[in-house]
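Residue numbers (my numbering), protein chains in the order written: chain Z, 1 to 67; chain B, 68 to 375.
Calculated directly from the structure, the hints in this document are not laboratory data. Any given hint could turn out to be false.
Unchecked claim - Short derived list, chain B residues pointing at chain Z, Cβ under 10 Å:
(1) M117
(2) T121
(3) G314
Where is the CB? At the ideal position from N, CA and C, for every residue including glycine.
Take a look at the letters that make up each chain.
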Amino acid sequence: MTDPLTEPLTPPELAALRARQRSRSLALAWVLVALVVLFFAITLVKMRAERAQVAAMASAPAKDGAQ
Amino acid sequence: MPQLPLSPTVEPASAEWRDFFALTKPRVMTLVIFTGLCGLLAAPGEIHPMLAFTAILCIAVGAGGAAALNMWWEADLDAGMKRTRHRPVPSGRIDRTAARDFGVALSCGSVITMALAIGWLDAGILALSIFYYAWVYTVWLKPRTPQNIVIGGGAGAFPPLIGWIAVTGHVTLMPVLLFLIIFMWTPPHFWALALFVQIDYAKVGIPMMPVVAGERSTRYQILAYAVVLLPLTVLPWWLGLAGPVYGIAAFALGLAFVVLSAQVGLRTSSGDADTMKPEKRLFRYSILYLFALFAVLVVDHAVTSAGA
Numbered sequence: 001m002t003d004p005l006t007e008p009l010t011p012p013e014l015a016a017l018r019a020r021q022r023s024r025s026l027a028l029a030w031v032l033v034a035l036v037v038l039f040f041a042i043t044l045v046k047m048r049a050e051r052a053q054v055a056a057m058a059s060a061p062a063k064d065g066a067q
Numbered sequence: 068m069p070q071l072p073l074s075p076t077v078e079p080a081s082a083e084w085r086d087f088f089a090l091t092k093p094r095v096m097t098l099v100i101f102t103g104l105c106g107l108l109a110a111p112g113e114i115h116p117m118l119a120f121t122a123i124l125c126i127a128v129g130a131g132g133a134a135a136l137n138m139w140w141e142a143d144l145d146a147g148m149k150r151t152r153h154r155p156v157p158s159g160r161i162d163r164t165a166a167r168d169f170g171v172a173l174s175c176g177s178v179i180t181m182a183l184a185i186g187w188l189d190a191g192i193l194a195l196s197i198f199y200y201a202w203v204y205t206v207w208l209k210p211r212t213p214q215n216i217v218i219g220g221g222a223g224a225f226p227p228l229i230g231w232i233a234v235t236g237h238v239t240l241m242p243v244l245l246f247l248i249i250f251m252w253t254p255p256h257f258w259a260l261a262l263f264v265q266i267d268y269a270k271v272g273i274p275m276m277p278v279v280a281g282e283r284s285t286r287y288q289i290l291a292y293a294v295v296l297l298p299l300t301v302l303p304w305w306l307g308l309a310g311p312v313y314g315i316a317a318f319a320l321g322l323a324f325v326v327l328s329a330q331v332g333l334r335t336s337s338g339d340a341d342t343m344k345p346e347k348r349l350f351r352y353s354i355l356y357l358f359a360l361f362a363v364l365v366v367d368h369a370v371t372s373a374g375a
C-alpha cells in the first residue's frame with residue numbers, strides 16, 4: 001500500500017505547487033520593499049521634525065534675550 | 068479544548084499569500100482600521116500624514132497578528148464549526164506552527180514600528196490590545212465563561228483610543244469614551260450573531276451566552292446593552308467634547324439600535340423553523356451603526372474646526 005503523503009507529485013501537481021510558492025515569494029518581496037520605503041519615509045519625517053524643533057529651540061533664547 | 072481532527076486537503080507548504088492574508092481576518096480588520104482612523108481624525112492636534120498612515124498601518128497589522136494567533140489557537144474549534152471550518156488552518160492550507168509564527172511576527176513588528184514612529188505609549192496600548200485579544204479573550208475567557216464577549220469586547224475597542232493618542236500623545240476622557248462605546252456595542256452585536264449560529268458554538272463546547280444562559284436571557288441582555296449604549300454615545304456631546312452634528316446623529320442612530328434590539332429582546336424564537344430575521348437584521352445594522360457613528364464623529368470634528 002502506498003502513502004499519499006510520500007508519493008512523488010505528478011507534473012501538474014508539482015507545477016501548481018511551484019506556482020503557489022512563487023506567488024508567496026513575490027508577495028514577501030513586495031512586503032519587504034514596502035517596509036524599506038516605509039522606514040525610509042518615517043526616518044525623513046522624523047529627521048525633519050527634529051531639525052525644526054532644534055531650530056525653534058535655538059531661536060527661543062534669542063527672542064527671550066530681546067525682551 | 069476539544070481536540071477535533073483537522074482535515075488536511077492540501078500540503079501545508081503550498082500555502083498561498085492569500086491564505087496568510089485570510090489569517091488576519093480582513094473583514095474584521097476593516098472595522099478596526101475605520102475606527103482607528105476616525106479616532107485619529109477626530110483628535111485635536113496635528114500629525115504628519117506619513118506618521119498617521121504608519122499609525123493606522125500598525126493598528127491594522129497588530130489586529131491581523133492577533134487574529135492569526137486566534138486562528139492558530141482555535142484551529143481545533145474552527146474545524147468543528149460550519150462557519151469556520153474552511154479557514155486556512157483547519158482546512159490544512161496552512162501549518163499550525165506557520166500560523167503562530169506569522170501572528171507573532173505581525174504582532175511584534177507592528178508594536179516595534181509603532182514605538183519607533185509614533186511613541187511608546189501608543190505602542191504599549193497596541194501591545195496590550197494584541198495580548199488582550201490573543202490571550203485574555205481567546206485563551207482565557209472564551210472557553211471558560213459566557214461573559215467572554217463582554218470582557219473580550221475590550222480588545223476591539225482599542226483602535227480609536229490608539230488612533231487618538233497617536234495625535235495627542237496622551238490619554239484624555241474622549242478616547243476613553245470611544246473605547247467604552249465599542250465595549251458596550253460588542254455584546255449586542257456579537258450575541259445577535261450568536262443567536263443564529265448557537266448550534267455551532269454548542270457543538271464545540273464554547274460557552275456562548277445563548278448556549279449557557281439560554282435564548283431568553285440573551286435577548287434581554289441584548290436590549291439592556293443597547294439601552295445603556297444610547298446615553299453613552301450621547302455623552303461626548305453632553306459633556307461638550309463633541310458638537311451637535313455628532314450628538315443628534317448619535318441619538319438617532321442609537322434610537323434605531325434600541326428599536327431593533329427591542330424587536331430581538333422582546334420576541335420568542337419559534338423553534339427550528341424560525342428564520343431569525345430580526346437577529347440577522349440587528350447584526351447587520353450593528354455594523355452599519357458603528358461605521359456611521361464614527362464617521363459622524365469625524366464630520367462633526369471637521370464642522371467644528373471649520374467654524375472655529
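Evaluation of the provided hints:
Contact between M117 of chain B and chain Z, as hinted, is supported at the beta carbon level, the nearest pair being about 5 Å apart and thus within 10 Å. For T121 of chain B, the suggested interface contact is upheld, since its CB lies about 6 Å from the closest CB of chain Z, less than 10 Å. For G314 of chain B, the shortest C-beta to C-beta distance to chain Z is roughly 35 Å, which exceeds 10 Å, and the interface hint is violated.
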